[in-house]
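Protein chains: 2
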Amino acid sequence: MRKVAIAGYGLAKFTKEQKPIESLMLPAVKSLFDDTKNLTQKDIDTVLVSTNDNTKYLASIISELAGICPKISHSVESLCSSGANTLVSAFSYIRSGLADVALVIGAEKADNPGNVLNWDVSRGEYKHPIYWASLFTKAHMRKYGTTKQDLAYVSVTNHKNAKENPYAYSNKEYSIEDVMKSKNLTEDLRVLDCSMPCAGSAAILLASEESVRNFTDSPVWITGIGQKTQSASFTKSVELTSMNSTITASHDAFGMSKKNPHDIDVVELHDAFTIFEMMGLEDLGFVEKGNGKEYVKTLYETQDKKINPRGGLIGAGHPLGATGVAQIIEITQQLSGKAGKRQVFPANVGLVQNMSAAATSSTIIIMEA
Amino acid sequence: MRKVAIAGYGLAKFTKEQKPIESLMLPAVKSLFDDTKNLTQKDIDTVLVSTNDNTKYLASIISELAGICPKISHSVESLCSSGANTLVSAFSYIRSGLADVALVIGAEKADNPGNVLNWDVSRGEYKHPIYWASLFTKAHMRKYGTTKQDLAYVSVTNHKNAKENPYAYSNKEYSIEDVMKSKNLTEDLRVLDCSMPCAGSAAILLASEESVRNFTDSPVWITGIGQKTQSASFTKSVELTSMNSTITASHDAFGMSKKNPHDIDVVELHDAFTIFEMMGLEDLGFVEKGNGKEYVKTLYETQDKKINPRGGLIGAGHPLGATGVAQIIEITQQLSGKAGKRQVFPANVGLVQNMSAAATSSTIIIMEA
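Residue numbers (this note's numbering), protein chains in the order written: chain A, 223 to 591; chain W, 223 to 591.
Just so you know, the hints here were simulated from the structure itself, not pulled from any lab data. Be aware that a few hints might be false.
The list treats identical chains as one, so a pair stands whether inside a single copy or across any two.
Stated by the list, open to error - In silico DMTMM-like cross-links for lysine to aspartate or glutamate, where the CA-CA straight-line distance does not exceed 25 Å: (1) Lys458 / Asp265; (2) Lys264 / Glu461; (3) Lys458 / Glu347; (4) Lys264 / Asp474; (5) Lys241 / Glu347; (6) Lys225 / Asp474; (7) Lys238 / Asp333; (8) Lys458 / Glu244.
These figures come from a predicted structure and were not determined experimentally.
Next comes chain A alone, as it looks inside the complex:
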């Protein structure tokens, strides 16, 4: 099987700006073309769009707007993890030989239709994601003694990291006290425990090992992929302190890449709410179960940027279809030494966790320089 690498990328700033979805996508695509040497429209044989937007035929529309006539083009949707799903799809087209160079564009409007879980009757009135995040938080507090202050470390660190990310939605720093005093939305979660829906877009160019060096001298290889869908509805999640889809998917991704958690230098975790950063650290095997709280305190104290260097979803914002793509771009920048003030040392192997709807499904991607 031939190898697949990331050959280029482009981002547009995450904002609350109201724009048509096509207008959100184009700046990220333009930035990708501007920054990728030798790339012309004719090189691209696949255009995949990651979004929850209801516009039809969007992959063809953005192709035409960008002057591309691809072979393969369509939209992919899987709620908050549409981005990683689309990347994996492009990977499989290239690896199978159907494609050679694929453009993946993730984009979302701020008022996208994926923010409320209308389809999950098992959630009763509690359709907004914050309600299940609150259940997870309560369970973690009961079982492991996690505190509201532990949650606050995540928010402070990720907002601080986002300050060095020019594309992040948030550019404010907050103190532990700011988070502790921010408005309560549920009994245990505050505004600053939450990622913010926003508009944004991100684009990645994937290429086969035969073609990638036409476009970059520092390709980043996708070496591990794991995906798992447990369910769609919340009540099928048997346990409230673990994300089973993440555990299963990471097992497959580590197996495919022949890596283990100790090999990972830099990580993008799906911190839709603060509790998920702790659970992610535990379920991915970076710390023992229940020790997520100590680790996030250490990250806060040492200002280590190993976890969510671009600010995570909490700092960077969460434009659903763009999130997974932006996470993969951050790891690409880290592994190719182009992360500027966010750069982690060493950065040879990275991991992305992108998930949907209370971790009912997860995608894990392992990348290597």
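Given the coordinates of chain A, assemble chain W onto it according to the supplied hints.
Chain W alone, transformed into the frame defined by chain A:
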């Protein structure tokens, strides 16, 4: 590269019934499970949904409803050719080794949001597909002397074929006179020149060559794939008597399968309007350019079922996301000798053409017994 085959399928009748999208999908999935030997939910590692429906997270929802916990799950959208796009995506997952057994479910509600081309400003007020079909028809008439009676042959033949398809939307036979006298919708197109939007669903099981014989003794192999997106908007189509995306995609599909038009025994053409059956016959190389009209007259006179044996989109109905999947099922049934009264002899090699939006994009799939 390992081979990929169709291991099973299921259909639900195309109707005008108003049902939630999940309720439309389940009967096709149940039928697939009922008719596929040894298949259990645990065998399926990929669930892909083909639809224009706006429901989010639908691949996870239908997975949970069907008792499946796949690795890979998401929705794919590319307007009228969502079905063939999704099938190709599942093919690439299996061929690349990321998946082994994939369930593809195509479904659409009758009032789906893909029927009006709101996104194409170049169409001016003429947003309904019939207006561009009318432009194609006029151009074909001018250039090749095609007549309204020639168009009527297509409608009569396809409605007649659909009578032997228990899942078809239409079960009426029409005479040439019926078509000629049916209500004019544009200057040259009548109601009976058009495929009807309707509700419907169709499901296909794809498997690797290592696994397919667990589920069927007569696998049908996917041996050729070609896809092309020319544009999204109508005004980018340079010519009105040819479908350039179909020409390019079929060239690639014939090349991959090492077949040519003379090798094809049975064909599913995307006859959204009668003119497209003639143009498809010409652009796929089954007849010389301009001779589509003679060929459809011969099909009418001889009652040869080689083209659109299930009734095409005109006879079977056009539930967008289900159409491509149902076309592939028809060729599967033909190539495995299970098409009943619709059976074509011989049937060793088949071809599917599924396209979107005035043939601005096309997918061609070649299949072999």
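Checked hints:
Taking the shortest alpha-carbon separations for Lys458 and Asp265, only the inter-copy value of 20 Å comes in at or below 25 Å, while the best intra-copy value is 44 Å. When the C-alpha separation of Lys264 and Glu461 is checked against a cutoff of 25 Å, the pair qualifies only between copies, where the shortest distance is 21 Å, while the shortest distance within a copy is 49 Å. Within a single copy, Lys458 and Glu347 get their C-alpha atoms as close as 17 Å, which meets the 25 Å cut-off; across copies the closest is 48 Å, which misses it. Within a single copy, Lys264 and Asp474 get their C-alpha atoms only as close as 35 Å, which misses the 25 Å cut-off; across copies the closest is 17 Å, which meets it.
In this assembly of identical chains, the alpha carbons of Lys241 and Glu347 lie at most 25 Å apart only when taken from different copies (23 Å versus 31 Å within one copy). Taking the closest pair of Cα atoms, Lys225 and Asp474 come within 25 Å of each other both inside a single copy (18 Å) and across two copies (23 Å). Proximity of Lys238 and Asp333 under a CA criterion of 25 Å is satisfied intra-copy only: 9 Å inside one chain copy versus 32 Å between copies. In this assembly of identical chains, the alpha carbons of Lys458 and Glu244 lie at most 25 Å apart only when taken from different copies (18 Å versus 36 Å within one copy).
Of the numbered hints stated above, none is contradicted by the structure.
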